[in-house]
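J.: The chain contents come next:
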Amino acid sequence: MNAFWIILTGSLVATCCSLLGCYLILRRMAMVGDAISHAVLPGIVIAFLVTGSRDSMPMLIGAGLLGVITTFLIEFFHRYARVQADASIGVTFTWLFAIGIILISVFAGQVDLDQDCVLYGEIAYVPLDLWITEGNLNYGPRTVWTLGFVTLLIILFITIGYKELFLTTFDPAFAAAIGFSTSLWYYLLMTAVSLTTVASFESVGAILVVAFLVAPPATAYLLTDNFKVMLILSVMLGILASAAGYFLAVWMDGSIAGAIATVAGIEFTLVFLFSPTKGQLLRRRQVAPARQPEEALA
Amino acid sequence: MQQFWEFFSFADANIRYVTLGSVLLAGSSAVVGCFTLLRKRALVGDAVAHSVLPGVCLAFILSGTKNPLILLLGAFITGWISLIVIDYITSRSRIKEDTAIGLVLSVFFGIGILLLTSIQHSGNAAQSGLDKFLFGKAASLVGEDLIVFGIVAVLLLFTTILFYKELMLLCFDQAFARTIGFPVRALELLLTTLTVLAVVVGIQAVGVVLMAAMLITPAAAARFWTENLKVMLVLAALMGAFSGITGAFVSYTAPAMPTGPWIVLIISMIAILSFAFAPKRGWVARLMRQRRNRALILEENLLKLLFQLGELKQDFETSRSLSDLLERRSIPKRQAIHGLKKLKQQGYVKKKKKRWILTIEGEKRGRRVVRLHRLWELYLTQYLHLASDHVHEDAETIEHIITPELEKRLMEELNYPELDPHSARIP
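In order, the protein sequences belong to chains B and D.
Residues in the first sequence are numbered from 1 upward in steps of one, following the working numbering.
Residues in the second sequence are numbered from 1001 upward in steps of one, following the working numbering.
Hints listed in this document are in silico derivations from the structure and should not be mistaken for laboratory results.
Check before you lean on any hint, since a few could be wrong.
[What the hints assert, rightly or not] Distance ranges between label pairs, derived from CB positions:
| # | chain 1 | residue 1 | chain 2 | residue 2 | range |
| --- | --- | --- | --- | --- | --- |
| 1 | B | 57 | D | 1230 | 51 to 61 Å |
| 2 | D | 1184 | B | 240 | 52 to 62 Å |
| 3 | B | 163 | D | 1238 | 44 to 54 Å |
| 4 | D | 1238 | B | 49 | 33 to 43 Å |
| 5 | D | 1005 | B | 181 | 51 to 61 Å |
| 6 | D | 1073 | B | 162 | 42 to 52 Å |
| 7 | D | 1150 | B | 82 | 32 to 42 Å |
| 8 | B | 171 | D | 1193 | 35 to 45 Å |
| 9 | B | 156 | D | 1388 | 50 to 60 Å |
| 10 | D | 1066 | B | 273 | 27 to 37 Å |
| 11 | B | 171 | D | 1230 | 41 to 51 Å |
| 12 | D | 1161 | B | 226 | 51 to 61 Å |
[What the hints assert, rightly or not] Residues on chain B that point at chain D, a partial pick, calculated with CB under 8 Å:
| # | residue |
| --- | --- |
| 13 | 29 |
| 14 | 30 |
| 15 | 33 |
| 16 | 38 |
| 17 | 171 |
Because the structure is a prediction, the values reported are computed rather than measured.
Where is the CB? At the ideal position from N, CA and C, for every residue including glycine.
Chain B with its partners taken away, still in its complex shape:
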């Protein structure tokens, strides 16, 4: 049963992250996702200090806000202070992360948080924190409910705003011309990324969020040219990685989050090498015969 809950949690995180990641990597903003996943730390700490509990709602709000602030700061430094884009990402997230760690140290007595928990979480504890009502009904792990809710939100967001998100990603000029606000959708997307990060940080940590945001979409990107197919493929790859990662972790007796990221990396490597259309090895075989006439001439 524990295995089921853990794989389910991983799959839920994989679903939200891979869906959003497809948009991020096509907008060339993969590193913004990375930045947000680190920069929500002070938001989590502050929410924790204010409410004094690890309740999900205040944390979602606190970290969601911080995520938007991060996006805004990156934009602000880049656009108004003309800091080059990559540097503005690097400065912003390290700064906020440092603030988060300092806050943890200052309130060490009151905050039951650890920076390693933020970085790589502890998905193995998911089945322990059960949601049991007063009538002694067992609804399963709390995290699964929170993540399930966020996953629903993300799927709703992507379905309702599909056209807008699609257009602002692929052709921002045209989207603006027909009246979609590119910055509104940009910030909505980033809010969704921060929500996902926070919902998953306790169980899987920032690093797996980044792995899911980038690896399955990048893998799917090498397999198809159709965006809808890419969305579905990346979700499937993410879920596959969660399941395979769990068993790898059990076998090696190591971190489940780390193992899932490893499997996501293996998936990418395989596709990178063997993708029927864009793989390094197969593509070369297609090109090779074409060279022969030239060699014969030489």
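Use these hints to put chain D onto chain B, whose structure you have.
T.: Chain D only, in chain B's frame:
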């Protein structure tokens, strides 16, 4: 205050180690960071920082010891491989650089975490302390660490000075560097090696996540103060060193405080202040410049209006009311009044019974704006063969920019013309 003297007398060996270590680390990684920043590859430092972890763990598994040199070697190898992989993925597939960085960063780190936890759970007692690579331990630096830091810092600085010219060309004009026969590929590898070296050593002090800041932030801050690479390198190193000292001092006065995050917090504050207030490139300076330009354009437009009205009626002696002016050109009323008041202070216009009149200086300046406008219109029609009804907009902008030298050249080029394309006289 007493603590301040205690700290800065450096009597305590521990303080000496921590401070010197932080300064060496922050200073040398700032110098290397300048080059990666200028090559627009600032975030690769982040990828390397995450990628050293599997190397450390593998080195431990293979050697079974915690000999720092072997661990560093392992860290160095995977850090280096990560950069090669990023390059390979971006050059061989349609995956963009940011995606490749995020991918390599998270997957390498995931592998590292898997190995690390696997080692920890294996019950091997020798493993404790491996995780200092994750979160850093600047406050507990000891003499041995310092020797390693010192050697690497000197190596980094020395290499930078030795290959200064080559690295500079690599950053600014790679094509030229290749043309004059520099081994660009080898230089790229050199810079990669320097970056990895800086990261591998620095990570033990500040930890995985914050290492990126040690490379990027001082360089980004220094970039705002100068256009000269040498000055930028020195500035970045100084800023890094300063935050190193301050971070060490903070964690000395409040022992619960982690050194690494404080170093990063301080260097970030320096950077953000630089973004905002640096002369010339800073945000505030640019805002002021924009405001000054807008004010200048408004004033010149008002003078031009007064002059055109005088020209129209062949009479520069009569004063004009505000509504006369706004009839010809729509300027928000408050702005117009404000501009006119400023012009009055500068002595370009006079006010008579709520009506405005140009002074001699004002007439001269107004005439010049009108002349530049018409000269430019003529230039566009004669030399670029634009239709005469298409040139007004462009001239509206350029009339505020043309310098006296350019004006002279235009006059010569157009052979001291009399009339503009709309047959108005050029004054």
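J.: Any hints this thing doesn't respect? Which numbers, in order?
T.: Result: hints 2 and 17 break, sorted rising.
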